[in-house]
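First to last, the protein sequences are chains A and B.
Residue numbers for the first sequence follow our numbering, beginning at 4 and rising by one.
Residue numbers for the second sequence follow our numbering, beginning at 4 and rising by one.
One or more of the hints may lead you astray.
[To be verified] Beta-carbon label-pair distances, calculated as ranges:
1. Gly149/A / Asp52/B: 52 to 58 angstroms
2. Ile133/A / Gly5/B: 51 to 57 angstroms
3. Asp95/A / Pro134/B: 53 to 59 angstroms
4. Ser14/A / Val119/B: 43 to 49 angstroms
5. Pro71/A / Val119/B: 25 to 31 angstroms
6. Glu181/A / Gly227/B: 40 to 46 angstroms
7. Ala142/A / Gly5/B: 52 to 58 angstroms
8. Thr117/A / Lys21/B: 42 to 48 angstroms
9. Ser14/A / Pro212/B: 20 to 26 angstroms
10. Ala225/A / Ala226/B: 47 to 53 angstroms
[Claimed, not checked] For the chain B half of the interface with chain A, some residues (derived, Cβ under 10 angstroms), not all of them:
11. Ile59
12. Arg97
13. Tyr237
If you're looking for bench data, these hints aren't it; they were derived computationally from the structure.
The structure displayed is predicted, hence computed values, not measured ones.
C-beta: ideal position from N, C-alpha, C; glycine also.
Listed below, chain by chain, are the residues.
Number of protein chains: 2
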Amino acid sequence: MGFATATAVSSDGPGSWKAEIVDGWDIGSRANGGYMLAIVARAMASDLDRPDPVTITAHYLAPGPAGPVRVTTSVVRSGRRFATARGRLVADDRVSLEVLGTFGDLSEPSDAPTLVRVEPPSMPPVEECIPLEPVPGQALPPPFMGRVEIRLHPDDARFSEGGASGIPRIRGWFRLRENEPIDTLALLCAVDALPPTAFNARLPLGWTPTVELTAHIRARPAAGWLRCAFTTNYVTNGFLEEDGVIWDSTDTLVAQSRQLALVPRG
Amino acid sequence: MGFATATAVSSDGPGSWKAEIVDGWDIGSRANGGYMLAIVARAMASDLDRPDPVTITAHYLAPGPAGPVRVTTSVVRSGRRFATARGRLVADDRVSLEVLGTFGDLSEPSDAPTLVRVEPPSMPPVEECIPLEPVPGQALPPPFMGRVEIRLHPDDARFSEGGASGIPRIRGWFRLRENEPIDTLALLCAVDALPPTAFNARLPLGWTPTVELTAHIRARPAAGWLRCAFTTNYVTNGFLEEDGVIWDSTDTLVAQSRQLALVPRG
């Protein structure tokens with residue numbers, strides 16, 4: 004089952020949607036955060052009748068188990084250029100995600116001035132990068148990696164064999180399986196798809212649960228592999244941020260993301 | 004009138020609050036975005052009974068004119084360590100801000116491991132930096148600058164005399180007037196207080212309205228001046244981000260912020 008199907012929503016009355024967290028989009032039986040956000044965003048986009056999440060924030064309140072879920076949406080304001088809504092994903096009667104987003108239509112490129120101060124991440128060709136594939140009977144890489152295609156930068160890929168780079172950074176190529184087209188909703192999955200940056204830090208770090216994730220979608224991606232880079236600069240006071248940039252095959256910045264995650268106590 | 008008074012809220016029934024956008028906290032008759040966010044955050048903190056906004060996001064939907072406003076709050080989830088709420092500021096029957104935040108208590112420092120990859124911004128001493136003070140009868144610097152105290156890094160301070168640095172960056176010292184203590188709500192004002200980074204870019208940029216602002220509050224600030232640095236890496240497709248870091252007088256990272264703003268068409 005592809006991404007579009009696995010994030011489908013069906014209207015169930017005004018502002019109410021039925022959806023399903025599909026088995027296999029999980030990491031240690033918790034649905035991937037970006038995947039769940041994409042489900043909510045699809046309902047919000049539909050309610051607002053605007054295709055593209057320009058800026059969207061999710062607060063993660065409870066894990067999303069596989070199975071049927073309910074999404075609710077509520078339009079806050081619908082303007083000429085942008086429209087804003089709230090969204091919520093409820094699984095097993097618990098709020099898993101609370102979302103706030105502003106949507107628009109990114110089909111028309113802007114003629115505003117441009118300035119790019121940081122170039123796309125430098126990466127070896129896809130075929131020289133390291134695939135992340137789930138192995139039956141093994142917890143890692145997680146099942147989610149079978150739903151997307153990731154090729155890690157070789158310098159960032161050896162954390163599981165005791166070869167953490169020492170730099171809390173993960174770079175990789177991303178696409179959907181079967182080369183399914185990546186729209187701006189699928190970018191919400193891409194911003195949370197790579198392994199945590201903390202895996203490459205030489206710190207006694209375990210799992211780092213996401214408190215909040217914000218994505219800015221800058222443009223609709225062209226066909227082809229995406230280049231992604233995630234970096235952490237500050238692990239302080241029990242928190243860390245993970246900053247992401249995603250570039251498409253035409254060297255266009257398509258998304259920027261930041262998440263706040265918790266550092267397990269040492 | 005100090006910051007705490009200018010952001011006061013009074014309960015007006017469950018989840019309903021009266022407040023006032025105080026004249027003088029504006030930039031060209033629009034209330035400063037961080038100041039308005041602090042009003043809503045104060046109501047959310049009160050509703051949740053948690054003092055510190057750990058991560059908070061505001062979408063800016065309409066300008067907030069000076070005068071009485073209504074704030075509504077709604078608790079989404081109250082957990083052991085964190086609690087999440089929605090907030091809204093309504094002025095003149097229009098939603099000005101829609102907010103989503105997770106709050107906690109940052110009074111106890113964490114014993115989790117620490118890693119700092121980017122040092123605090125290097126700044127000349129306060130007395131060698133350039134004060135921003137409003138001038139009666141002049142639009143710039145705006146009245147808001149009379150409510151806070153800002154000293155800009157000399158390299159970043161000459162944009163108004165045709166001396167833009169060419170780097171979309173603004174660094175400066177920040178404190179409240181009368182040396183009023185800066186709590187974590189006042190940090191929400193600090194993350195949006197300095198002039199736009201775009202003023203230092205050599206681009207035909209005018210006013211850059213904020214679509215969305217997210218702040219991560221990492222720690223309660225110690226007494227004294229704060230060092231702030233805001234940087235823009237990508238002005239693309241009509242959007243720009245402004246990334247901020249704020250450090251306190253003990254070299255502790257107290258806040259990180261990012262806002263998405265619109266680039267006026269060239």
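Hint check results:
1. Gly149/A / Asp52/B: 52 to 58 angstroms: Roughly 43 angstroms apart at Cβ, these two residues miss the hinted range, so it is violated.
2. Ile133/A / Gly5/B: 51 to 57 angstroms: Since isoleucine 133/A and glycine 5/B have Cβ atoms about 56 angstroms apart, the given range 51 to 57 angstroms holds.
3. Asp95/A / Pro134/B: 53 to 59 angstroms: 56 angstroms, holds
4. Ser14/A / Val119/B: 43 to 49 angstroms: Given about 48 angstroms between the Cβ atoms, the range holds.
5. Pro71/A / Val119/B: 25 to 31 angstroms: 44 angstroms, violated
6. Glu181/A / Gly227/B: 40 to 46 angstroms: 57 angstroms, violated
7. Ala142/A / Gly5/B: 52 to 58 angstroms: 54 angstroms, holds
8. Thr117/A / Lys21/B: 42 to 48 angstroms: With a Cβ separation near 44 angstroms, threonine 117/A and lysine 21/B satisfy 42 to 48 angstroms, so the hint holds.
9. Ser14/A / Pro212/B: 20 to 26 angstroms: With a Cβ separation near 33 angstroms, serine 14/A and proline 212/B fall outside 20 to 26 angstroms, so the hint is violated.
10. Ala225/A / Ala226/B: 47 to 53 angstroms: At 51 angstroms between Cβs, range holds.
11. Ile59: 9 angstroms, holds
12. Arg97: 8 angstroms, holds
13. Tyr237: Interface hint status for tyrosine 237/B: holds (5 angstroms vs cutoff 10 angstroms).
Hint compliance for this structure: hints 1, 5, 6, 9 are not met, and every other hint is.
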